[in-house]
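Visitor: Residue strings, one per chain:
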Amino acid sequence: MMPDLGKYADAVLSSYAVSLVLLALIVWLSLRRSKRIKKELEDIESKVKSHG
Amino acid sequence: MSLNSLWEYANPKKFIQTTDRVLPWVAWSAALTLLVGLVWGFFFTPDDYRQGSTVKIIYLHVPAALMAINAWLMMLVTSLVWIVRRHHVSALAARAAAPVGMIMTVIALLTGAIWGQPMWGTWWAWDPRLTSFLILFLFYLGYIALWEAIENDDTAADLTSILCLVGSVFALLSRYAVNFWNQGLHQGASLSLDKEENVADVFWYPLLVAMAGFVLLFIALVLMRTRTEIRARRMRALLARERMGA
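Chains A and B are the protein sequences, given in the same order. For the record, in the first sequence the residue sitting at position 18 is 18 according to my numbering, with numbers rising by one throughout. For the record, in the second sequence the residue sitting at position 236 is 236 according to my numbering, with numbers rising by one throughout.
Read the hints as simulated data drawn from the structure, not as lab findings. Note that beta-carbon positions come from the ideal geometry of N, C-alpha and C, so glycine has one too. Hints may contain errors.
For lysine-lysine, the following DSSO-like pairs were computed, each having C-alpha atoms within a straight-line distance of at most 27 Å [said to hold, decoys possible]:
1) K39(A) with K49(A)
2) K14(B) with K47(A)
3) K7(A) with K13(B)
Listed next, the stretches of chain B that the computed footprint assigns to chain A, with coverage defined by at least 3 CB atoms under 8 Å from CB atoms of chain A [claimed, not checked]:
4) 53-62
5) 94-108
6) 213-226
7) 229-236
Pairwise CB distance ranges (calculated) [stated by the list, open to error]:
8) E42(A) with L73(B): 21 to 27 Å
9) K35(A) with M119(B): 39 to 45 Å
10) D43(A) with V36(B): 36 to 42 Å
11) Y176(B) with D43(A): 44 to 50 Å
Just chain A, same shape as in the assembly (with noise of 0.2 Å):
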């Protein structure tokens, strides 16, 4: 199934390694980032809500 990459196996496995890593990382980022922002909003519009 893995295709024969000759002599140049390294260079066409680090480039999509480091691509996918990057990639990962920065959706990985987002998602965590944007579950956090939503939760301590709705910690403080309930907070908010509560103080009337």
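Fit chain B to the given chain A structure using the hints.
Guide: What follows is chain B alone, placed relative to chain A:
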């Protein structure tokens, strides 16, 4: 859709309601398209007769470079909307896009260096396209730092919009550098409307799918991050109001 109805989405509440429905579709389409494009390109395309298997790097390098430039141009448009119409969502969308654009620039620079080493015999050269891309990366860093450094959201949006206008020169330069200066190691644009100059069909079709995947991923991330910025802005406003009331 008329221009008037388009401005409705500048309302933060309306933007969040709409993206609630749209975002899952865009995100899953991005994941699927990216997967198909990269698997097709990596596993099912032949080696190039000159570049050997390194041609497989094209499915990452070209879409990332394309998005690095177009992310900045998208920020330019939303910054102009902020300057002219003072819609907060547009300023926050520019802010949301910057880290995504910066990651795309880093991917383009790194894959370019890794590709360049076996082809040119060097990781880096002060070539017009490479240098303008490095400057674009520094503009992304500066833009993100400026947003973080200024506490007042409106002032930050004003100053970053001006920085974005200045940086647009380099975004365009990095696109057309090869045409302006007919020198350097980097070859001309890989993509062309001229069939003779464009990459061969066997590489072109998976590249097209990979580019669509990167575009969809960029849209999904910017929508999600803009929602986060809208919520963060509301949170700051509520906290400020509470502090004033205390």
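Visitor: Does each hint hold? Answer for all of them.
Guide: Results for each hint:
Only pairs whose Cα atoms come within 27 Å are accepted, and K39(A) paired with K49(A) is accepted, the gap being roughly 15 Å. As the CA atoms of K14(B) and K47(A) are separated by approximately 24 Å, the hinted pair is consistent with the 27 Å bound. Under the criterion of a C-alpha separation no larger than 27 Å, the hint pairing K7(A) with K13(B) is inconsistent with the structure, at around 55 Å. For a cut-off of 8 Å, the count of residues in the segment 53-62 of chain B with a CB near a CB of chain A stands at 6, and the three-residue condition holds.
As drawn, the segment 94-108 of chain B meets chain A at 5 residues by the rule of a beta-carbon pair under 8 Å; at three or more, the given contact holds. Three residues within the 8 Å Cβ limit are the bar, and the segment 213-226 of chain B against chain A gives 4, so the coverage statement holds. For the segment 229-236 of chain B, the proposed coverage by chain A is satisfied: 4 residues have a C-beta within less than 8 Å of a C-beta in that chain, meeting the threshold of three. The hinted range of 21 to 27 Å is not satisfied by E42(A) and L73(B), whose Cβ atoms lie roughly 35 Å apart.
Under the hint 39 to 45 Å, the C-beta atoms of K35(A) and M119(B), about 42 Å apart, fit the expected range. For D43(A) paired with V36(B), a C-beta distance near 40 Å keeps the hint of 36 to 42 Å intact. Checked against the hint of 44 to 50 Å, the pair Y176(B) and D43(A) passes, with Cβ atoms roughly 49 Å apart.
Going through the hint list in order, the structure does not satisfy hints 3, 8.
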